[in-house]
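Asker: Quick note, the sequences are listed as chains A and B, same order.
Mapping to this note's numbering: the first sequence position 25 is 25, numbers consecutive.
With the second sequence counted from 1, adding 1000 to any position gets you this note's numbering.
Fair warning: there could be bad hints in the mix.
[Unchecked claim] Simulated crosslink set (DSSO-like; lysine-lysine; CA at most 30 Å straight-line):
#1 A:Lys-47 x B:Lys-1424
#2 B:Lys-1283 x B:Lys-1158
#3 A:Lys-25 x B:Lys-1103
#4 B:Lys-1329 x A:Lys-4
#5 A:Lys-4 x A:Lys-66
#6 A:Lys-134 x B:Lys-1329
#7 B:Lys-1329 x A:Lys-66
#8 B:Lys-1653 x B:Lys-1255
#9 B:Lys-1137 x A:Lys-47
#10 A:Lys-113 x B:Lys-1329
#11 B:Lys-1094 x B:Lys-1160
#12 B:Lys-1424 x A:Lys-151
[Claimed, not checked] Pairwise CB distance ranges, derived in the manner of DEER restraints:
#13 B:Leu-1127 x A:Pro-55: 47 to 57 Å
#14 B:Glu-1082 x A:Asp-121: 25 to 35 Å
#15 B:Ala-1222 x A:Pro-63: 29 to 39 Å
#16 A:Ser-10 x B:Leu-1127: 20 to 30 Å
#17 A:Asp-45 x B:Ala-1075: 30 to 40 Å
#18 B:Cys-1152 x A:Ser-10: 21 to 31 Å
#19 B:Lys-1140 x A:Asn-48: 23 to 33 Å
#20 A:Ser-10 x B:Ile-1512: 46 to 56 Å
#21 A:Asp-45 x B:Leu-1127: 46 to 56 Å
#22 B:Cys-1539 x A:Thr-6: 53 to 63 Å
[Said to hold, decoys possible] With the C-beta cut set under 10 Å, the calculated list includes, among others, these residues of chain B facing chain A:
#23 Ile-1091
#24 Lys-1320
#25 Ser-1331
#26 Glu-1335
#27 Cys-1360
#28 Thr-1361
Hints were generated in silico from the structure; no laboratory data involved.
The structure presented is a predicted model; accordingly, all values stated were derived computationally and were not measured.
Every residue, glycine too, gets a C-beta built ideally from N, C-alpha and C.
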Amino acid sequence: MGNKQTIFTSQQLDAYQDCTYFTRKEILRLFHRYRDLAPQLVPLDYKNQPEVRLPYELIGSMPELKDNPFRQRIAEVFSEDGEGNMTLDDFLDMFSVLSEMAPRDLKAYYAFKIYDFNNDDFICKSDLEKTLNKLTRNELTEDEVRMVCEKVIDEADLDNDGRLSLEDFQHMIMRAPDFLSTFHIRI
Amino acid sequence: AASEDGEDEDEDDEPPKGRRAANKKKAAQADEEDSDDDIPQRRCNEAVNHLMFCLSGDDSKSDEEEESMSEGEMAKLMEEVEEKKKLIANIRNKPWRMRRRLKVLKEAQQFVDKFEGALGKGKGRKLYAYKVMMMKKWIKFQRDFENFRTSCIPWERKIKEVESHFGSSVASYFIFLRWMYGMNLVLFSLTFGLVVIPEVLMGLPYGSIPRKTVPRDEQATAMDYSVLMDFNGYCKYSVLFYGYYNNQRTIGLLKFRLPLSYLLVGIGTFGYSLMVVIRTMAKNADVGGGDGEDNEFTFAWKMFTSWDYLIGNAETADNKYASITTSFKESIVDEQENQKDENIHLRRFLRVLANFLITCTLGGSGYLIYFVVKRSQEFANMDNLSWYEKNELEIIMSLLGLVGPMLFETIAELEEYHPRIALKWQLGRIFALFLGNLYTFLLALFDEVNSKLEEEDSIKNASIWFVKEYYANYSANNPNDTGTPPPIDPADIIRGPCWETTVGIEFVKLTISDIQVTYLTILIGDFLRALIVRFLNYCWCWDLEAGWPSYGEFDISGNVLGLVFNQGMIWMGAFYAPGLLGINVLRLLTSMYYQCWAVMACNVPHERVFKASKSNNFYMGLLLLILFLSLLPVVYTIMSLPPSFDCGPFSGKERMFDVIMETIDLDLPAFMGTLFGYVANPGLIIPAVLLMVLAIYYLNSVSEAYKNANMELKKKMQMVSILCVQVHNNCPGACDSSARPQGTWTSTWPTRARQGSRATP
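Using the sequences and the accompanying hints, generate a full structural model.
Answerer: Here's what the structure looks like:
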């Protein structure tokens, strides 16, 4: 405890504390979690902000993410290169948004991005189908999948363009009672 | 590639976005619309240059000029600084990349640092700099305090482990348990510090006065294990129970007023619990965000909120996939068949039948308790009781608590409700069962108390007569000794029945037996079952793990209700047995470890996961109800029953609350006495109560109005967004969707909204 850590400068730690929902101790713990994924790649000295990027395979194998059907999308959304390879900044950002303290609208924004598989700023039917198949591990028949996706668009699409925009999604998810408790990773 | 482009665009947008939001007032006044991100920037730069020029020290420039600059631009600059500070405070809420956030943060901080120092020049500079420094220190202190507070929260790792294996619903029980532990710890430290410790340190020691000594005829057996287990013997005459405390008005050098402290701590226990429960409820209500089961977004919510991101375990994940699939299939089937209620009459008849059966069960259990309590009163007068007869009451009550819910669940199968509704009915019925039991128990207890009170009069006379006789005998036998006779040994004096200690003992016994039953149930019902299933599986005909009995699931609702009711018993008994709070704290502590271990070792994750978020306030609501119900008996006894004449801190008084009157008369200055006299006047209290009722009504209607205003605003926003999207589709480029809330739209909002009703939500 205290000021003995030599990984970050104190300004860096303060900046991270301002930019995430984590306390100083949690940020250091997260750094060690990040480093444990690949100790030979991640240096112990971040004062010069080294450009270190961990490949997606390492991120996807973390115990918090390995069972999540959307882990690839999560990593892609939060990584700078869009491929799932994450720097420490991306790593902190991801867990900060998914933490308990992030507000609903911030989580809704990122949830929308995660479920938008083709990155076209709309959740269209194919995105919904992919989501559903990931959720049920392809157990539903094609007819059932089609029916569910039509129902979802029916329910949530306000502007009647056959796909969900960010506003539609936010409007729908804001009143969901379980959203905050399920869209949450504790690390 | 697409994401990269998007990113660059965002990268350019974000500094002006921040400032744009900050300057939306200025934007409305801006003449040019195309360069509205430039204007604040330009103004800022101008102000910077001007200030720098002034500060760079051309002192020949007159002070008046310097000040004429300060007036207008100083204010604008202060506004800029304030906006930047707000940005810094809210930067973690912005949906940007971390790199961008860090950059913007750095720029904003540099800006604020530069100008806070600069603005300090001139009048009140030192004061301003001091204020800034204090603010920074305060923020740092707050941050350190938050860090410290987070690290103080116990069992975070343990709960996280349970959460990752069993999902958020089972973990919610442990979070509730931890919350209860915290509350009980505070109550315990209050009682311990203000009642127990003063009596131990400053009061008379054991054996000095009758109430603190074991009576002569019990002394032979006072150390026996069986007697101690019954909380008689040395246990009964210890700080654990009400009877030990002395009624001296002040004790020790510090003149500590123990009776007053006892009463106030007793009332304060309820006050603190009430405050904490309501505060937690208010906090939960905020997060809840929505009531009831609307069918508006069934499928959408199923799709986007059913996966629990907390799951970190393959088995739980498998279960979750299966339950999601089943849930979708069920909803699809529901959707496809328009539910035609076949045989409405049969269903209604079955439901009425089920409710009738359950009412019978409830009535039967109430009567059983009453009968057993009567029997235990008879047993109290007999000797040579078997272990069963001594503990019959507690055993019966705990058994009812076990068997009742199972019975209700079986009967409820007749009703065929939707599972969520069935669960609510189940919880309600179990609640009624426990309530009925508790109150029957209390009524029986009151019978006992009344009989003891009747006894008291005769014993009081007997004990006074005994003392007189002792002195008469002494002087008759020792006519030569003219000094005062030696005092009677406290163990010999005749004791009153001391109903308060009896009540305390009953509650402690009930709590202990409940603890034992709970722990035994877990040991046998979960652990033994798991052992049998695991090891007998090798040599059994059918698969024990997949079929019956398989491993147990964690019964969340049963455990939570058990916790709530035990807390009710603690609240009721704490006034008569201050040690009960200590027992409860120990019990919660061991429960946490024991149940965490049991869950991880012997249970499997649920088939159908219980939704944690909505029910949290339900449990708090139950806790609140129990709190009020347990307040009633205690307040009743304080107000109307006379305390025992020879035990406890209120002995010798007419009523327990007389101690307050005494304090007001003797300790507080005279005018306070008259003041309290006026305040206690019903003529003042009734209007005060009326005023509070009116205030509640007013606040309620205000909150209704806010809710309505909220709904209206939501509808307006919906309409605007629909219209905007329609315009966007028809004339691309007319409005930049990411910058919708201001710019060209601000002036047209009111008119558009008024047009409104053609949009369909």
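Asker: Hint by hint, note whether the structure agrees.
Answerer: Verification of the hints:
1. A:Lys-47 x B:Lys-1424: 56 Å, violated
2. B:Lys-1283 x B:Lys-1158: Distance ~24 Å between B:Lys-1283 and B:Lys-1158 Cα, so the pair holds.
3. A:Lys-25 x B:Lys-1103: Given that 30 Å is the threshold and the Cα spacing comes to 23 Å, the pair holds.
4. B:Lys-1329 x A:Lys-4: This hinted pair is violated, its Cα atoms lying about 56 Å apart.
5. A:Lys-4 x A:Lys-66: 33 Å, violated
6. A:Lys-134 x B:Lys-1329: 15 Å, holds
7. B:Lys-1329 x A:Lys-66: 26 Å, holds
8. B:Lys-1653 x B:Lys-1255: Since the Cα atoms of B:Lys-1653 and B:Lys-1255 sit roughly 20 Å apart, the hinted pair holds (cutoff 30 Å).
9. B:Lys-1137 x A:Lys-47: Distance of about 24 Å is within 30 Å: holds.
10. A:Lys-113 x B:Lys-1329: With a Cα-Cα distance of about 27 Å, the restraint between A:Lys-113 and B:Lys-1329 holds, given a limit of 30 Å.
11. B:Lys-1094 x B:Lys-1160: 27 Å, holds
12. B:Lys-1424 x A:Lys-151: Within the cut-off at roughly 28 Å; holds.
13. B:Leu-1127 x A:Pro-55: 47 to 57 Å: Since B:Leu-1127 and A:Pro-55 have Cβ atoms about 55 Å apart, the given range 47 to 57 Å holds.
14. B:Glu-1082 x A:Asp-121: 25 to 35 Å: 34 Å, holds
15. B:Ala-1222 x A:Pro-63: 29 to 39 Å: Distance hint for B:Ala-1222, A:Pro-63 is violated at roughly 56 Å.
16. A:Ser-10 x B:Leu-1127: 20 to 30 Å: 28 Å, holds
17. A:Asp-45 x B:Ala-1075: 30 to 40 Å: 45 Å, violated
18. B:Cys-1152 x A:Ser-10: 21 to 31 Å: 23 Å, holds
19. B:Lys-1140 x A:Asn-48: 23 to 33 Å: Since B:Lys-1140 and A:Asn-48 have Cβ atoms about 25 Å apart, the given range 23 to 33 Å holds.
20. A:Ser-10 x B:Ile-1512: 46 to 56 Å: 53 Å Cβ-Cβ, so the 46 to 56 Å window holds.
21. A:Asp-45 x B:Leu-1127: 46 to 56 Å: Hint violated: Cβ distance 42 Å, outside 46 to 56 Å.
22. B:Cys-1539 x A:Thr-6: 53 to 63 Å: Holds - the Cβ-Cβ distance for B:Cys-1539 and A:Thr-6, about 60 Å, lies within 53 to 63 Å.
23. Ile-1091: 6 Å, holds
24. Lys-1320: 9 Å, holds
25. Ser-1331: Given a least distance of 8 Å, the restraint on B:Ser-1331 holds.
26. Glu-1335: Hint holds; B:Glu-1335 Cβ to chain A Cβ min 7 Å, cut 10 Å.
27. Cys-1360: 36 Å, violated
28. Thr-1361: Nearest chain A Cβ about 33 Å off; hint violated.
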